[in-house]
Amino acid sequence: MHELSIAESIVDIIGDSLARNGGGRVRSVKVRIGELSGVVPESVDFCFKAITAGTSLDGSTLEIEKTHIVALCDDCGKESSVEGLVFRCPKCGGANIKVISGNELQVVEIELDE
Amino acid sequence: MAVVTIERKVLQKNDEIAQQNRELFQKNGIFVINLVSSPGSGKTSLLERTLEHLKGKVRIAVVEGDVQTDLDAQRVAKLGVPVVQIVTNGGCHLEAKLVQDALSNIDVANVDLLVIENVGNLVCPAGYDLGESMKVVIASTTEGDDKPLKYPAMFRNASVLIINKTDLVPYVNCNLGELKKNALQINANLRVFETSCTTGAGIPEWSEWLRGKTKRT
Ligand SMILES: Nc1nc2c(ncn2[C@@H]2O[C@H](COP(=O)(O)OP(=O)(O)O)[C@@H](O)[C@H]2O)c(=O)[nH]1
Ligand SMILES: [Mg+2]
Ligand SMILES: [Zn+2]
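Which chain is which? The protein sequence lines are A and B, in order.
Per my numbering: the first sequence = residues 1 to 114.
Per my numbering: the second sequence = residues 115 to 331.
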């Protein structure tokens, strides 16, 4: 359970960005969390609310975009989504696949009140 | 209303320090494994067996990560190997910065193989790069055969799977074939070893393979 430290890092990144962009009130924060990131989106949301309560980010909401696992096949070059945790290319059956989406854990953007 | 684009990895700071660690390892020709598993799968036991096997053949150092106590470091130190204990005080995984700090207590110029025993946890350590050459995941037979499906990120990010406690197969409901099938479904490139730290079965095969990865072969 490291969602608390993840939420803290998100707050730090927001702080950095505000410092560079002259501040403002944050209405919402968009984060991207992949299915294979090992992070539970609902827990991040819970922790974010808990640590921002009473701070300048109190009331800001997390908008979580969940990404599914997508793989690129090294053998046939096709891209496909990984279903049911079967990490094989559904097109050619090959196992030489690279996960190109699903590991994300990113702060995408913040929306500021005027 | 204004939108500020950020597009930054949440763990970017950790990744940057991991990269610094990796450069230090490469510069000194050190092969580094990040040993991960549930609590009690046998990380320290496997390490002890491996150290015994490689003693005098490879120069090894160890970083021990635990939530509390330096009991594991004491076990390893008994084998005459340099060991640094990191106590995370509740932290459920090691981070690159903790390893970087620990490295200042290791004579990196005289090490061929560094083993980092992570905190027992199959979830969080998967996301934290420490700068290692590879992750080695241990699944023991007492945990059943479905662990790879429950913790896919860890098995996907690992390069080696060690199935430990094979001596207990007759007593537990764990189908080795099923366990391997599940693991390879998540990651077909996993190199699989079967070991028993009690009988010593499989230890030479694993240790020699690991020795082959280091520069001093
Ligand atoms: N029967 C059996 N027990 C083992 C084996 N490997 C480790 N153990 C036992 O499992 C327990 C936990 O081992 P330890 O190495 O401390 O696990 P760690 O928490 O992953 O470092 C100890 O009581 C070990 O003696 C094995 O191969 N077979
Ligand atoms: Mg241990
Ligand atoms: Zn294919």
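Keep in mind that the hints were calculated from the coordinates and are not lab data.
One thing to keep in mind: the hints can contain errors.
Said to hold, decoys possible - Chain A regions said to be covered by chain B (calculated; three or more residues, Cβ under 8 Å):
1. 51-61
2. 87-101
Unchecked claim - These stretches of chain B come out as covered by chain A in the derived footprint (C-beta under 8 Å, 3 or more residues):
3. 133-140
4. 219-229
5. 237-248
6. 281-291
Claimed, not checked - Simulated pairs of lysine-lysine, DSS-like, Cα-Cα distance not exceeding 27 Å:
7. B/Lys169 x A/Lys66
8. A/Lys98 x B/Lys327
9. B/Lys169 x B/Lys192
10. B/Lys264 x A/Lys91
11. B/Lys211 x B/Lys327
12. A/Lys49 x B/Lys294
13. B/Lys192 x A/Lys98
14. B/Lys169 x A/Lys30
15. A/Lys98 x B/Lys169
Model, not experiment: these values are computed from the prediction.
Virtual Cβ for every residue (Gly too), placed ideally from N, Cα, C.
Hint-by-hint comparison with the structure:
1. Residues of the stretch 51-61 of chain A with a Cβ under 8 Å from some Cβ of chain B number 0, which does not satisfy the need for three, so the listed coverage is violated.
2. Figure legend: the stretch 87-101 of chain A, annotated as covered by chain B; annotation consistent (5 residues with Cβ-Cβ distances under 8 Å, at least 3 required).
3. By the rule of at least three residues with a Cβ nearer than 8 Å to a Cβ of chain A, the coverage given for the stretch 133-140 of chain B is violated, with 0 such residues.
4. Note: the stretch 219-229 of chain B has 0 residues with beta-carbon separation from chain A under 8 Å; the three-residue rule is not met and the coverage is violated.
5. Coverage of the stretch 237-248 of chain B by chain A holds. Counting CB-CB distances below 8 Å, 4 residues qualify, and the rule asks for three or more.
6. Counting residues of the stretch 281-291 of chain B whose CB lies closer than 8 Å to any CB of chain A gives 0, so the stated coverage by that chain is violated, three being the minimum.
7. A threshold of 27 Å between alpha carbons decides the hint, and for B/Lys169 with A/Lys66 the separation of about 48 Å lies outside it, so the pair is violated.
8. Simply put, A/Lys98 and B/Lys327 have alpha-carbon atoms about 23 Å apart, close enough for the 27 Å limit, and the pair holds.
9. Between the alpha carbons of B/Lys169 and B/Lys192 the distance comes to roughly 13 Å, so the proposed pair stays at or under 27 Å and holds.
10. For the given pair, B/Lys264 sits about 25 Å from A/Lys91 by alpha-carbon distance, which is consistent with the 27 Å threshold.
11. About 25 Å separates the Cα atoms of B/Lys211 and B/Lys327, which keeps this hinted pair within 27 Å; it holds.
12. For the suggested pair A/Lys49 and B/Lys294, the alpha carbons sit about 41 Å apart, so the restraint of at most 27 Å is broken.
13. For the hint pairing B/Lys192 with A/Lys98, the CA-to-CA distance comes to about 42 Å; that exceeds 27 Å, so the pair is violated.
14. For the given pair, B/Lys169 sits about 52 Å from A/Lys30 by alpha-carbon distance, which is inconsistent with the 27 Å threshold.
15. Proposed proximity of A/Lys98 and B/Lys169 is contradicted: the alpha carbons are some 37 Å apart, above 27 Å.
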